[in-house]
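Visitor: Sequence lines, in order, name chains A and B.
Under the working numbering, the letters of the first sequence match residues 1 to 391, in that order.
Under the working numbering, the letters of the second sequence match residues 1 to 391, in that order.
Do not rely on the hints blindly, as some may be mistaken.
The list makes no distinction among identical chains, and a pair is therefore deemed to hold if it is satisfied within one copy or across any two copies.
List of simulated lysine-lysine pairs, DSS-like, C-alpha gap at most 25 Å [unchecked claim]: (1) Lys-381 with Lys-351; (2) Lys-70 with Lys-276; (3) Lys-337 with Lys-351; (4) Lys-24 with Lys-125; (5) Lys-276 with Lys-333; (6) Lys-351 with Lys-276; (7) Lys-337 with Lys-322; (8) Lys-24 with Lys-333; (9) Lys-333 with Lys-351; (10) Lys-298 with Lys-70; (11) Lys-125 with Lys-16; (12) Lys-33 with Lys-53; (13) Lys-322 with Lys-125; (14) Lys-53 with Lys-16; (15) Lys-33 with Lys-20; (16) Lys-24 with Lys-70; (17) Lys-24 with Lys-53; (18) Lys-129 with Lys-24; (19) Lys-125 with Lys-53.
If you are wondering where the hints come from, they were derived from the structure by calculation, not from laboratory data.
Number of protein chains: 2
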Amino acid sequence: MQNFTFYAPTYFIFGKDEEKQAGKCVKRFGGTKVLLHYGSGSVVRSGLLDRVKTSLNEENIACVELGGVKPNPRSGLVYEGIELCRSQNVDFILAVGGGSAIDSAKAIAAGAVYSGDFWDFYQGKPVTKALPIGTILTIAAAGSEGSPDSVITNENGMFKRGASGEALRPAFSILNPALTQTLPAFQTACGITDIMAHLFERYFTNTTEVEVTDRMIEGLLLAMIHEAPRVIADPDNYQARANIMWAGMMAHNNSCGVGRGQDWASHDIEHELSAKYDCAHGAGLAVVFPAWMTYNLKHDVNRFAQLAVRAWGCQMDFSNPKVTAAAGISALKQFLKSIGMPLTFAELGAKAEDIEEMAHTACYGNGRTGTIGGFVPLGEKNVVNIYRLML
Amino acid sequence: MQNFTFYAPTYFIFGKDEEKQAGKCVKRFGGTKVLLHYGSGSVVRSGLLDRVKTSLNEENIACVELGGVKPNPRSGLVYEGIELCRSQNVDFILAVGGGSAIDSAKAIAAGAVYSGDFWDFYQGKPVTKALPIGTILTIAAAGSEGSPDSVITNENGMFKRGASGEALRPAFSILNPALTQTLPAFQTACGITDIMAHLFERYFTNTTEVEVTDRMIEGLLLAMIHEAPRVIADPDNYQARANIMWAGMMAHNNSCGVGRGQDWASHDIEHELSAKYDCAHGAGLAVVFPAWMTYNLKHDVNRFAQLAVRAWGCQMDFSNPKVTAAAGISALKQFLKSIGMPLTFAELGAKAEDIEEMAHTACYGNGRTGTIGGFVPLGEKNVVNIYRLML
């Protein structure tokens, strides 16, 4: 295990109807004037936004609204939010929605107290200062409700990039699993895939003797494998939703990723897909991950076999662990298909002729220097080959 | 899953030599005058205390010392610490040691800013205010470095009781696994047992559909079962020590205990043993847990069988799950014996003639009202029978 620091001071309020605590939570963390940031009309139509506003009102917290966050959130709205925060003296940002609304809120929070261009943070500058953020989560997926990360797409070039920093951990996050019950099956499955992808990115490591985090990751994967078919079969299954929601937070707050190298090339490879085709991030990951695994299996056959045995219940082939390792990847593909996820470029609407360009951007775009991935460093040609496995 | 809140804002610094960060950490959290609280001479002899004092000095942090914390820490020293904090205007408490030093520091931190008797908190009053606490951990066991709990023995009646409250979460905790390498095998094994006991207390629940926390608990148990023999065979195994140390924190910060009923009768039953015979808490738990499990197996055979299969690798007897459940308890006993833990009253130095009195105190002492345990509520007679299983 490597030396590390871990600081996750988010206050979580979990359960039915807890969005009513929004006002009290903002007050607890010192907010007096809130930017209420959200996405599509669904939080309006469902009445959630009204309930949140009532709760803010009850605590005499003033409120400015900025809706319109899109999936794969864009830089344009971030600039708008930053201006709004400055002109209206906003001191707290409350995101209502999924990872997109939260990530956009984080970008605004960092940009509002920074004299330069907020995009600096998405080119590697660590975020050390930001307005405090609260979240009311409506999609279990991104884990942004408990993470110090944010991913934004820059409309100037359509680069999709991440920022990170302690200051981006939300002050509080309200997780009501019932709010996710109205999600369409496809979006639910995308969220499940994203959560599992966050675990895979941490699982594939060259750091040895990390049994405790290995076992925690495997445990969370097993819970997801158990709950996913239950929630796909019955979208109103509150308990399955609740388990998935907590797993989504735990998968990405890094308590199971500490002290070990991580990979993250699959996210980089996927970000090109969702930046180019505006596909759902989770759907993109479903296409990318089996291909990435197949391509990199030879790098550490035993680690892939371990995952196959412990998470997918494959029988270990002791005379040929590669067989077991490959069986794990097949099991993942079968699982993803069973919950309605795509597995190919065609299903995603992606095009073979864009592969070279995407591989180049993934490795060199927006200041990158040629390789991605911590487990297996991949160059442009490797990335081309991985994209080709998705055809 | 039940509704819950979760707030664990401790800043963790994990790894070799990190105790050198002590001064910077105290400064980060606003401390200017520290009560340095520790136990036996080992932290003095090893030079650890000097390194910590040097680090405080470098940041111009003033320092008052209070050593002498004993295992099963006592109320007398807590009163002394509270007086010292008040007379010396201490604004930060830094514990150097294991759970005893940390729990004692927490009691002082709560008492120093409270006008009444600190023992009120150990009779059920929640701790909402306390001086900030930092810890430098030297024993992986109690999990107090990341928990909101503290256990103190009141010398007036020798009651061993717990207090809890958000204000008791340490502001920071420094975890250097190398500091635990000098621990004798017996103390190491006691720590391992305590960590596993914290997981068992959460695992045995009547709350249904808690797959995510079940799987996390099982994952942490599997890691402990893997690492325990490695560290007993080779006390200098840094990596095994590191895995155990992080598992110890995760086992008790409650991220795997949220949203579910928990039991904790075994801890209550053990506290009578360590209060009366001053035995090591972990050793007491090794004697109590198999007996508690055997007595309560019938309450939920499938849950015991699930633990046996998932943590101990027992084969499921589908025609008679009770056989599997019992095999899990046997596996636990064998494991505890293999790491040098006692399994009987005699090995602990406990006496059969004290059983009635201990059972009475466990159920009625210090304000209790007759039953203990959340999974299976136990009355005095049940507790007598459980103690008898330890003979």
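Visitor: Now tell me, hint by hint, if it's right for this structure.
Guide: Quick rundown of the hints versus the structure:
no.	hint	verdict
1	Lys-381 with Lys-351	within (17 Å within a copy, 73 Å between copies)
2	Lys-70 with Lys-276	within (15 Å within a copy, 63 Å between copies)
3	Lys-337 with Lys-351	within (20 Å within a copy, 61 Å between copies)
4	Lys-24 with Lys-125	between (33 Å within a copy, 23 Å between copies)
5	Lys-276 with Lys-333	within (24 Å within a copy, 58 Å between copies)
6	Lys-351 with Lys-276	within (10 Å within a copy, 74 Å between copies)
7	Lys-337 with Lys-322	within (23 Å within a copy, 37 Å between copies)
8	Lys-24 with Lys-333	neither (44 Å within a copy, 48 Å between copies)
9	Lys-333 with Lys-351	within (21 Å within a copy, 59 Å between copies)
10	Lys-298 with Lys-70	neither (38 Å within a copy, 53 Å between copies)
11	Lys-125 with Lys-16	neither (38 Å within a copy, 27 Å between copies)
12	Lys-33 with Lys-53	within (12 Å within a copy, 44 Å between copies)
13	Lys-322 with Lys-125	neither (40 Å within a copy, 58 Å between copies)
14	Lys-53 with Lys-16	within (18 Å within a copy, 48 Å between copies)
15	Lys-33 with Lys-20	within (18 Å within a copy, 41 Å between copies)
16	Lys-24 with Lys-70	neither (28 Å within a copy, 42 Å between copies)
17	Lys-24 with Lys-53	within (12 Å within a copy, 41 Å between copies)
18	Lys-129 with Lys-24	both (23 Å within a copy, 19 Å between copies)
19	Lys-125 with Lys-53	neither (34 Å within a copy, 34 Å between copies)
Checked against the numbered hints listed earlier, the structure breaks hints 8, 10, 11, 13, 16, 19; every other hint is satisfied.
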